[in-house]
Amino acid sequence: MAQSILTDLKKAAKKSLKAQKDALANAQMQLEILNGELFEDGELPYFKDKIAETNQFPLRPKTLEVLQINVGYMCNQVCGHCHVDAGPDRKEIMTRETMQQCLDVIRNTGAHTLDLTGGAPEMNPDFRWFVEEASKAGIKDFIVRSNLTIILANKKYQDLPEFFKKHNVHVVSSMPHYTRGKTDKQRGDGVFDKSIKALQMLNKVGYGMPDSDLRLDLVYNPSGAFLPADQAAMEHDFKKALKEDFDIDFHNLFAITNLPISRFLDYLIASDNYEDYMYSLVEAYNPAAVESVMCTNTISVSWDGWLYDCDFNQMLDLKVASKVKHIKDYNDDVLNNRDIVISQHCYGCTAGAGSSCQGTVA
Amino acid sequence: MAKSYYDPADLRKFGKITEWSEELGNKFFDYYGKVFEEGALSAREKSLIALAVSHVVKCPYCIDAYTKDGLQRGITKEEMMEAVHAGAAIESGATLVHGVQMMNKYDKLSM
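If you're matching them up, the sequences are chains A and B in order. Positions 1 to 362 (this note's numbering) are the ones given, in order, by the first sequence. Positions 1 to 111 (this note's numbering) are the ones given, in order, by the second sequence.
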């Protein structure tokens, strides 16, 4: 039964949930599940009540450190775990006008990190213009989250390693495993070989080499209904395998927990793993991780300029609880005086050693 | 009463055994936790040993738990299956080595 559902999922995986007109493409529907009977019946505690046990409710922002901008949901891949529901059929793309509004903020913000994500951010037609302009703002750490295969997807992307180098971009790339089988199962056939080739191209221009200032970090997401293990141990295994098998170097590995939203939620439900997964997250709850959870130092901007506490809240359409809700009205002081919007998906960021776009936090 | 001897949801309730004997329960879980920490053997190696033993003692809860634990640690399915074979080989060896006892007895009873 579960197997046939998974086969159906795999067949459908060429399209986003949105293009399939799947009910789970709707944020409201996802929130209803996350607030559903598992928590309603008191079997598991609401996230709000859990953090209240240690007087951490309401969750409040600290100093803004990271401005994360989602430049569009279009992607060349349709990964089974994607919380964005990204894919080639997604047409939500940030316009140059919104980028301009972002640049105004980047030039004036105290944030030390600018983090571009998507979709595949490189597919935005104004991506290069935006990177060129943003890199002039003198931000300390300028991250682009690249899925690697985009570099080989089309001739016009093949100079991306050189382009990143020219603008001193910090490349953060997804790599679910150092073996072919697990990577392709999560991300699609052929993704592993292309990712390896792209990493070698990045190494070739100097990215990820032991003493290089050109930062290349990898992101590991578990390829299934389980939590990531110890980040340092995984990094050790990844480094050893990628070096021995493919002569690839990289700097750090970020272990990121899959949050139960969008396509990963769809997978959890279809494979009858949802309940167990939520139990795993709640059992692994770590109050120390709440202290440094990424929404306390990050603002997430959507393709159309709305502001969110994180990229996950963006996908659940939970805008910041502040008078300022759009990049055009951006104001550090007003935004800093807000309560962070939470739901049960937040357990994903507080499990074990915690999880953020920069890996573990506790 | 449950219709089945084994219910996957019971694994989550394992910690509840402490409620009926707090001292012994706590001592067991302290010991259990300590055993699986990094030591002369890595936590990864111990996870594979636990997986093999889970099969030998045929504990469905343990098999669920240590398959998941292995996945979390990035242990490959090939490594997991080899561990199961190591357990199975010892178990079948343990049966077969008794064949010597049979042979001894046979010889003793035969003229």
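Check the hints yourself; a few may be wrong.
Stated by the list, open to error - Below, a list of computed lysine-lysine pairs in the DSS-like style, where the Cα atoms sit at most 30 Å apart:
1. A:K243 / B:K16
2. B:K27 / A:K243
3. A:K323 / B:K77
4. A:K48 / B:K108
5. B:K16 / A:K182
6. A:K240 / B:K16
7. B:K16 / A:K239
8. A:K62 / A:K325
9. A:K48 / B:K16
10. B:K58 / A:K240
11. A:K185 / B:K34
If you are wondering where the hints come from, they were derived from the structure by calculation, not from laboratory data.
Quick rundown of the hints versus the structure:
A C-alpha spacing of about 45 Å is found between K243 (chain A) and K16 (chain B), which places the hinted pair above 30 Å, so the restraint is violated. Distance check on the hinted pair: K27 (chain B) and K243 (chain A) sit about 43 Å apart at the alpha-carbon level, beyond 30 Å; violated. Taking the CA atoms of K323 (chain A) and K77 (chain B), the gap is near 51 Å; set against the 30 Å cutoff, the hint is violated. With a C-alpha separation of about 74 Å, the suggested pairing of K48 (chain A) with K108 (chain B) is violated against the 30 Å cut-off.
Annotation: proposed proximity of K16 (chain B) to K182 (chain A) is violated, straight-line Cα distance about 35 Å (limit 30 Å). With a C-alpha separation of about 41 Å, the suggested pairing of K240 (chain A) with K16 (chain B) is violated against the 30 Å cut-off. Simply put, K16 (chain B) and K239 (chain A) have alpha-carbon atoms about 40 Å apart, too far for the 30 Å limit, and the pair is violated. The hinted pair formed by K62 (chain A) and K325 (chain A) meets the criterion: a straight-line CA distance of about 18 Å does not exceed 30 Å.
In summary, the hint linking K48 (chain A) to K16 (chain B) is supported, as the alpha carbons are separated by about 25 Å, within the 30 Å threshold. Between the alpha carbons of K58 (chain B) and K240 (chain A) the distance comes to roughly 34 Å, so the proposed pair goes past 30 Å and is violated. Using a Cα cut-off of 30 Å, the hinted pair K185 (chain A) and K34 (chain B) is violated, with the two alpha carbons roughly 35 Å apart.
When each numbered hint is compared with the structure, violations occur for hints 1, 2, 3, 4, 5, 6, 7, 10 and 11.
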